[in-house]
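Participant: Let's have the full structure, built from the sequences with the hints guiding it.
Adding 169 to a residue's 1-based position in the sequence shown gives its number in our numbering.
If you're looking for bench data, these hints aren't it; they were derived computationally from the structure.
Derived DEER-like restraints, expressed as beta-carbon distance ranges:
| # | residue 1 | residue 2 | range |
| --- | --- | --- | --- |
| 1 | ALA264 | SER433 | 36 to 44 Å |
| 2 | GLN426 | PHE471 | 50 to 58 Å |
| 3 | ALA453 | ASP262 | 36 to 44 Å |
| 4 | PHE471 | THR447 | 30 to 38 Å |
| 5 | PRO474 | GLU444 | 43 to 51 Å |
| 6 | ARG347 | LEU289 | 31 to 39 Å |
| 7 | ASP400 | GLU376 | 21 to 29 Å |
When the alpha-carbon atoms are kept at most 25 Å apart in a straight line, the in silico PhoX-like pairs for lysine-lysine are as follows:
| # | residue 1 | residue 2 |
| --- | --- | --- |
| 8 | LYS410 | LYS429 |
| 9 | LYS382 | LYS340 |
| 10 | LYS410 | LYS335 |
| 11 | LYS372 | LYS410 |
| 12 | LYS372 | LYS418 |
| 13 | LYS463 | LYS340 |
None of the values given here were measured: they were computed from a predicted structure.
For every residue, glycine included, the Cβ atom is placed at its ideal position computed from N, Cα and C.
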Amino acid sequence: MFLNVLLGYNDMVIVVMTSLAIFSTVIALGWPYLKSDILKLRMQQIVDISEKDRLRKKAKNNAGERRLLLLSEPSQILAVIVERFNLARQLEDGATVQLLRSAGFRGRAPIITFLAMRLLMPLSLLGLATFYLLVVIQPDLPFIAMLPIILVAGLFGYYLPAIYVKNRISKRQQSIRRAWPDALDLLLICVESGMSSEHAFRKVADEIGNQSKELAEELSLTTAELSFLSDRRTAYDNLGKRTNLDSVKSVVSGLMQSEKYGTSLGHALRVLAQESRTTRMSEAEMKAAALPPKLTVPMIVFFLPVLFAVVITPAAIQIINS
Numbered sequence: 170m171f172l173n174v175l176l177g178y179n180d181m182v183i184v185v186m187t188s189l190a191i192f193s194t195v196i197a198l199g200w201p202y203l204k205s206d207i208l209k210l211r212m213q214q215i216v217d218i219s220e221k222d223r224l225r226k227k228a229k230n231n232a233g234e235r236r237l238l239l240l241s242e243p244s245q246i247l248a249v250i251v252e253r254f255n256l257a258r259q260l261e262d263g264a265t266v267q268l269l270r271s272a273g274f275r276g277r278a279p280i281i282t283f284l285a286m287r288l289l290m291p292l293s294l295l296g297l298a299t300f301y302l303l304v305v306i307q308p309d310l311p312f313i314a315m316l317p318i319i320l321v322a323g324l325f326g327y328y329l330p331a332i333y334v335k336n337r338i339s340k341r342q343q344s345i346r347r348a349w350p351d352a353l354d355l356l357l358i359c360v361e362s363g364m365s366s367e368h369a370f371r372k373v374a375d376e377i378g379n380q381s382k383e384l385a386e387e388l389s390l391t392t393a394e395l396s397f398l399s400d401r402r403t404a405y406d407n408l409g410k411r412t413n414l415d416s417v418k419s420v421v422s423g424l425m426q427s428e429k430y431g432t433s434l435g436h437a438l439r440v441l442a443q444e445s446r447t448t449r450m451s452e453a454e455m456k457a458a459a460l461p462p463k464l465t466v467p468m469i470v471f472f473l474p475v476l477f478a479v480v481i482t483p484a485a486i487q488i489i490n491s
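Facilitator: See the structure below:
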């Protein structure tokens, strides 16, 4: 009888130990799912905070740029000068306004400033050149001989605002040209995901701003024009005119044809994106191929004299000492 009790006790112990072993195994296997990963949660919180800060700064910058573009008012003095000398007649052909828009200057204030500077800069440089020649340098020359120098300074002052605007256009086009293939890829992804053209342009403008603020600004303007213009093709055409780039104009033509004939926008964007990326690679290869000829003159002027000095100087020292 004692043996039977002992055997029953052993069976109960085995059952209890087996149950504990199974319970421990289940807890060990399920513990990672039951206990939250504190490090992962902290990293996610950091990412969320960083993203909120980025969106807040981006919204603040966009608001500031929008105020500068739309709410800036011209100087009263410059406005009076333009009105007094009737400089607004230069805007009749629309070329000046289009030139300033291509440079990123929009609104009434940049136009007034540009027209006034084309009058004030020649007068300022004329006065500065006259003062510098007659008071500072005082050369032993008659005034008739110094008059061409003064006139050239005034002529340079007349073209100086246009030179500045064209330089601004060149830098702006370079920034847009570099970021345009990536913008096309993003636009293709947005269109193929089912977004409309307005939402696609808005999304691309938000994402491409870190790479090119100029392109983000142009796409934002296109999004606004797509929203309120009656003809959507006019908004696309305005984008091509503002940027004045062949790669952008080809995409604009594709968008206008897709809007007119109802063709597949995704297929057109895919082909245009590949062509734009190929063009950018070709331009990079051309610049790399043109680098050796450009380095020839600097190497001859700066490297070879130093190399000759390093090679010949020890021999010259030995000859002098001997």
